[in-house]
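Chemist: For reference, the chains in residue letters:
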Amino acid sequence: MSGLAAGIRLAEEGAAVVVSANGAGSLQLAPGTIDLLGYASGLVADPIHEITMLAERDPGHPYAQIGAENVAAAARWLSARIADGPLSPYRYVGKAEENMLLPTALGVPRPSSLVPETMAAGDLRSASRIAVVGFRGMKDFHPSLIADNLTRASGDGVAARSLQIDPPTDLSREPGTLNLARMLDRPGTAAAVAARLAPVVHEGELIALPAVLSTADPHGAWETLQRLTGCPVCEIPTLPPSVPGLRLFNTLRTLLAQAGGRLITGARVVGVRGGPEHVDLVRVQVSGGERSYGCRWVVLATGGVASGGLELDSNWQMRETALGLHVAGLPEPGAPRFSSRYLDAHPIGRAGIAVDRDLRPLDQDGRRRWENVLVAGAALAGAEPWREKSGEGIALSSGYRAAELILEADRHVAGTPAASTVAETVA
Amino acid sequence: MSTTDPDHHHDVLGDLIRGSLDHCVKCTICEQYCPVSNVTPLFPGPKYAGPQSERFRAGGESVDQSVDYCSGCGICTQVCPQGVHIAEINARARARMKEAQGVPLRDRIITRPEVLGRLGTPLAPLANASLRNRPLRVVAERLLGVHRDAPVPAFAGRTFRSWANRHLSGTPTSERVVFFYGCGTNYYEPRLGEMTVAVLEHNGFAVDMPAQGCCGLPLQSSGLFDDARRYVRRLAHSLAPSVRAGAQIVAVSTSCSLMLKREAIEILGLSDDAELRLVSGRVRDICEFLVDLHDEGRLRTDFQPVDQRIAYHAPCQQQGHGIGKPALELFGLIPGLQVAEMDARCCGIAGTYGLKREKYEIAMAVGEPLFRQIRDAAPGLVACDSETCRWQIEKASGLRSVHPVQLLHRAYGLGEEVEGSTVLGGW
Chain F
2 MSGLAAGIRL AEEGAAVVVS ANGAGSLQLA PGTIDLLGYA SGLVADPIHE ITMLAERDPG
62 HPYAQIGAEN VAAAARWLSA RIADGPLSPY RYVGKAEENM LLPTALGVPR PSSLVPETMA
122 AGDLRSASRI AVVGFRGMKD FHPSLIADNL TRASGDGVAA RSLQIDPPTD LSREPGTLNL
182 ARMLDRPGTA AAVAARLAPV VHEGELIALP AVLSTADPHG AWETLQRLTG CPVCEIPTLP
242 PSVPGLRLFN TLRTLLAQAG GRLITGARVV GVRGGPEHVD LVRVQVSGGE RSYGCRWVVL
302 ATGGVASGGL ELDSNWQMRE TALGLHVAGL PEPGAPRFSS RYLDAHPIGR AGIAVDRDLR
362 PLDQDGRRRW ENVLVAGAAL AGAEPWREKS GEGIALSSGY RAAELILEAD RHVAGTPAAS
422 TVAETVA
Chain G
12 MSTTDPDHHH DVLGDLIRGS LDHCVKCTIC EQYCPVSNVT PLFPGPKYAG PQSERFRAGG
72 ESVDQSVDYC SGCGICTQVC PQGVHIAEIN ARARARMKEA QGVPLRDRII TRPEVLGRLG
132 TPLAPLANAS LRNRPLRVVA ERLLGVHRDA PVPAFAGRTF RSWANRHLSG TPTSERVVFF
192 YGCGTNYYEP RLGEMTVAVL EHNGFAVDMP AQGCCGLPLQ SSGLFDDARR YVRRLAHSLA
252 PSVRAGAQIV AVSTSCSLML KREAIEILGL SDDAELRLVS GRVRDICEFL VDLHDEGRLR
312 TDFQPVDQRI AYHAPCQQQG HGIGKPALEL FGLIPGLQVA EMDARCCGIA GTYGLKREKY
372 EIAMAVGEPL FRQIRDAAPG LVACDSETCR WQIEKASGLR SVHPVQLLHR AYGLGEEVEG
432 STVLGGW
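Protein sequence lines correspond, in order, to chains F and G. For the first sequence, this note's numbering gives the first residue as 2, with consecutive numbering after it. For the second sequence, this note's numbering gives the first residue as 12, with consecutive numbering after it.
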């Protein structure tokens with residue numbers, strides 16, 4: 002996501018952009034929401050306010066380099082682009098200064114700032130009576146588990162019950178998320194689902210369905226269900242494959258193409274060439290050998306350990322795989338790397354690329370390694386996104402900020418648009 | 012054991028490909044993208060047939076018939092964020108299955124375009140009339156298993172080779188490139204070959220056209236690995252002398268060039284073939300080559316306006332190159348040309364897959380989203396880089412389908428015609 006955000010922002014300002022991607026990116030595994038900051042010392046109500054405090058408290062955190070005002074600007078920018086994007090009138094709702102609490106597939110309230118309109122009605126701060134509805138035969142989505150947990154976790158305010166309806170699919174297909182979503186792409190399917198819902202839901206109840214309401218026209222499917230049942234409808238994110246994540250990825254991919262950016266898949270960045278301070282060429286491994294792309298700027302958005310942007314070997318050495326940047330925040334050899342409890346903070350969890358306020362990577366002595374390389378996304382040191390619920394927020398805002406920094410620098414130099422290469426493994 | 016000892020050939024790369032299955036984290040991205048499993052339950056999807064089933068094939072045995080329904084489009088490998096060689100694992104598994112269970116006569120015939128071309132060319136009027144003849148196609152379907160409606164191209168009745176033998180290209184001082192034209196150009200679309208040569212010559216190159224044969228890709232995708240190896244080695248042998256003399260190889264078929272660049276080495280286990288490796292590193296797709304020239308400021312841009320609205324489809328195999336969509340950049344240089352980029356991924360044909368009786372319906376269903384997009388875009392013409400995809404699109408959409416280079420040829424003022432292929436059957 003960080004690479005696509007940077008690429009789109011640069012391309013829409015006229016820069017010649019190449020986004021080189023190794024694989025399709027992890028957005029389609031994610032729920033499709035933009036979580037800026039869910040937890041700091043406790044549950045966060047206003048992410049922007051909390052990010053401001055976090056930046057003072059923890060100057061090594063990526064948000065301290067990005068700045069709260071840039072996080073808010075990035076969120077506004079993304080909302081506007083999605084609203085005018087290829088799935089319009091499907092849009093995102095919410096704002097950076099406020100967290101909603103949306104139900105997860107386990108029935109746990111999850112703090113999110115920007116969410117698809119099709120999820121917003123699930124905000125547990127206002128929902129009271131909820132019918133969690135599953136499709137018979139769909140795996141990994143358990144309405145009774147969700148309903149019980151929601152009732153338990155949300156105290157007296159929420160009364161949730163569970164229901165199962167038959168899926169709108171022919172029986173030769175497993176009713177998985179994608180198959181269901183593609184069924185709902187077809188005209189008439191949403192109405193058929195509504196007809197199954199109408200007799201079993203109560204007036205005024207919120208209908209919570211798995212997030213499968215169409216890949217192509219989610220607004221239409223969602224609106225049809227609301228109109229024909231007379232009830233508010235929300236989607237609950239599922240386990241992968243995630244339909245709202247796929248929608249977001251497709252939206253960004255299309256926006257990049259529309260802005261004139263080049264997306265190159267199946268190309269792994271293996272290094273750069275240039276002088277001591279500047280990179281002139283990005284080398285990529287493709288079929289049949291190596292190619293290189295000339296550039297004025299490089300945004301490294303290859304992700305963390307999970308996406309291969311960082312690699313830890315059995316000798317405790319961690320390396321950044323594309324450019325060989327210095328990895329900061331690694332525990333000393335012999336010191337504990339992991340905590341014994343899975344969900345605790347892990348000493349190795351904050352390792353990554355340290356950057357300055359201009360997102361330039363720093364070497365082991367804290368000096369800028371390159372002047373025209375910027376780092377964005379999960380490769381950044383100093384955060385634990387899975388504990389903070391900050392992954393998409395850091396990805397989006399660092400990518401956006403990297404683009405703004407490049408555009409700013411180029412405005413000072415000359416009127417020519419920047420030529421940039423954005424390396425993205427998994428967003 | 013030495014890897015260079017021919018008596019103890021050890022397929023190191025093959026082990027790496029198989030070993031890559033351990034990187035699979037079951038993220039399901041390949042399942043989201045697989046065009047085949049999305050339309051038929053006969054193929055359970057790349058993750059299931061690939062990394063998951065492969066664990067049960069440890070002793071080399073075949074455990075699963077469904078892998079035969081993989082079309083080999085390679086999209087799964089392209090989108091995998093963990094670097095699992097899913098399509099390659101599947102191709103090898105299919106070959107083992109064919110080895111154990113036998114190969115149908117049909118697959119031995121339709122996978123040899125060179126043999127078919129040699130037989131069909133002198134008999135073109137008769138051969139084409141037969142392929143156009145409905146009762147004969149029905150008989151051929153019964154006897155051979157080639158679907159009666161499948162798109163088969165018309166023999167040109169002359170070969171590109173015979174033209175090449177008479178053609179003198181460039182001057183002694185011109186920079187030389189080698190043209191790998193492929194069987195499609197040689198037997199079915201010789202005019203495309205002439206246009207490619209003209210475009211290269213227009214840019215100051217002298218084009219060498221050494222005698223050459225089939226790359227073996229159709230054999231490989233039907234699991235006939237030994238035959239495929241023989242063909243690709245022979246081809247590498249005919250191209251190698253020019254490479255040793257310093258020339259680059261420019262190819263007009265993106266699937267055949269991908270075979271040379273990567274697939275033969277990875278899928279057929281020919282990583283130790285020095286001649287193939289030499290050739291592999293010097294192959295460029297024609298559009299890739301021309302965009303590289305443009306990036307170096309060497310491409311002639313004396314384009315005349317082409318007032319036409321076209322739809323562009325980048326074939327799966329083209330995407331396997333890891334070079335983005337260079338055709339789009341070339342189109343951007345042609346004044347007046349309006350290009351609608353299709354983002355549906357696959358036309359379904361996958362070389363010879365869609366010709367097969369039991370797979371024809373699947374191939375058409377795979378291509379349907381693309382055909383729909385093309386119909387919606389209502390272009391005058393479709394551009395696409397692979398010949399079998401062009402034939403499939405032409406048959407399904409009824410629109411002329413051309414190689415991007417044909418539009419460049421016209422824009423350079425080298426000829427007025429934009430000749431499509433002639434597809435027989437199913438009209």
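Honestly, the hints are just simulated from the structure, not real lab data. It is possible that some hints are incorrect.
Straight-line alpha carbon distances no greater than 25 Å define the calculated SDA-like cross-link-like pairs of lysine to any residue that follow [what the hints assert, rightly or not]:
id: 1; chain 1: F; residue 1: 140; chain 2: G; residue 2: 37
id: 2; chain 1: F; residue 1: 140; chain 2: G; residue 2: 154
id: 3; chain 1: G; residue 1: 37; chain 2: F; residue 2: 313
id: 4; chain 1: G; residue 1: 109; chain 2: G; residue 2: 120
id: 5; chain 1: F; residue 1: 96; chain 2: F; residue 2: 313
id: 6; chain 1: G; residue 1: 37; chain 2: F; residue 2: 312
id: 7; chain 1: F; residue 1: 140; chain 2: G; residue 2: 75
id: 8; chain 1: G; residue 1: 37; chain 2: F; residue 2: 109
id: 9; chain 1: F; residue 1: 140; chain 2: G; residue 2: 64
id: 10; chain 1: F; residue 1: 140; chain 2: F; residue 2: 126
id: 11; chain 1: F; residue 1: 140; chain 2: G; residue 2: 120
id: 12; chain 1: F; residue 1: 140; chain 2: G; residue 2: 63
id: 13; chain 1: G; residue 1: 37; chain 2: G; residue 2: 76
id: 14; chain 1: G; residue 1: 37; chain 2: F; residue 2: 84
id: 15; chain 1: G; residue 1: 37; chain 2: F; residue 2: 343
Computed Cβ-Cβ distance ranges for the label pairs, DEER-style [as the list claims (entries may be wrong)]:
id: 16; chain 1: F; residue 1: 320; chain 2: G; residue 2: 306; range: 47 to 53 Å
id: 17; chain 1: G; residue 1: 387; chain 2: F; residue 2: 313; range: 45 to 51 Å
id: 18; chain 1: G; residue 1: 30; chain 2: F; residue 2: 325; range: 46 to 52 Å
id: 19; chain 1: F; residue 1: 368; chain 2: G; residue 2: 315; range: 51 to 57 Å
Virtual Cβ for every residue (Gly too), placed ideally from N, Cα, C.
Chemist: Determine for every hint whether it applies to the structure shown.
Modeler: Consistency of the hints with the structure:
1. For the given pair, residue 140 of chain F sits about 15 Å from residue 37 of chain G by alpha-carbon distance, which is consistent with the 25 Å threshold.
2. For the hint linking residue 140 of chain F to residue 154 of chain G, the alpha-carbon distance of about 43 Å lies beyond 25 Å, and the restraint is violated.
3. As the CA atoms of residue 37 of chain G and residue 313 of chain F are separated by approximately 21 Å, the hinted pair is consistent with the 25 Å bound.
4. In summary, the hint linking residue 109 of chain G to residue 120 of chain G is supported, as the alpha carbons are separated by about 15 Å, within the 25 Å threshold.
5. Distance hint between residue 96 of chain F and residue 313 of chain F is unfulfilled; the C-alpha atoms sit about 37 Å from each other, more than 25 Å.
6. Our distance criterion of 25 Å between C-alpha atoms is met by residue 37 of chain G and residue 312 of chain F, whose separation comes to about 20 Å.
7. For the hint pairing residue 140 of chain F with residue 75 of chain G, the CA-to-CA distance comes to about 23 Å; that is within 25 Å, so the pair holds.
8. Distance hint between residue 37 of chain G and residue 109 of chain F is fulfilled; the C-alpha atoms sit about 24 Å from each other, no more than 25 Å.
9. For the given pair, residue 140 of chain F sits about 21 Å from residue 64 of chain G by alpha-carbon distance, which is consistent with the 25 Å threshold.
10. At most 25 Å may separate the alpha-carbon atoms for a hinted pair to count; residue 140 of chain F and residue 126 of chain F exceed this at roughly 28 Å.
11. Our distance criterion of 25 Å between C-alpha atoms is broken by residue 140 of chain F and residue 120 of chain G, whose separation comes to about 44 Å.
12. Between the alpha carbons of residue 140 of chain F and residue 63 of chain G the distance comes to roughly 19 Å, so the proposed pair stays at or under 25 Å and holds.
13. For the hint pairing residue 37 of chain G with residue 76 of chain G, the CA-to-CA distance comes to about 21 Å; that is within 25 Å, so the pair holds.
14. For a cut-off of 25 Å, the pair hint linking residue 37 of chain G to residue 84 of chain F is broken: about 32 Å separates their Cα positions.
15. For the suggested pair residue 37 of chain G and residue 343 of chain F, the alpha carbons sit about 20 Å apart, so the restraint of at most 25 Å is met.
16. With their beta carbons about 30 Å apart, residue 320 of chain F and residue 306 of chain G fall outside the hinted range of 47 to 53 Å.
17. One distance hint, 45 to 51 Å for the beta-carbon pair residue 387 of chain G and residue 313 of chain F, holds here, with the actual separation near 48 Å.
18. At about 24 Å, the CB distance of residue 30 of chain G to residue 325 of chain F disagrees with the hint of 46 to 52 Å.
19. At about 54 Å, the CB distance of residue 368 of chain F to residue 315 of chain G agrees with the hint of 51 to 57 Å.
Hints 2, 5, 10, 11, 14, 16 and 18 from the earlier list are contradicted by this structure; the remaining hints agree with it.
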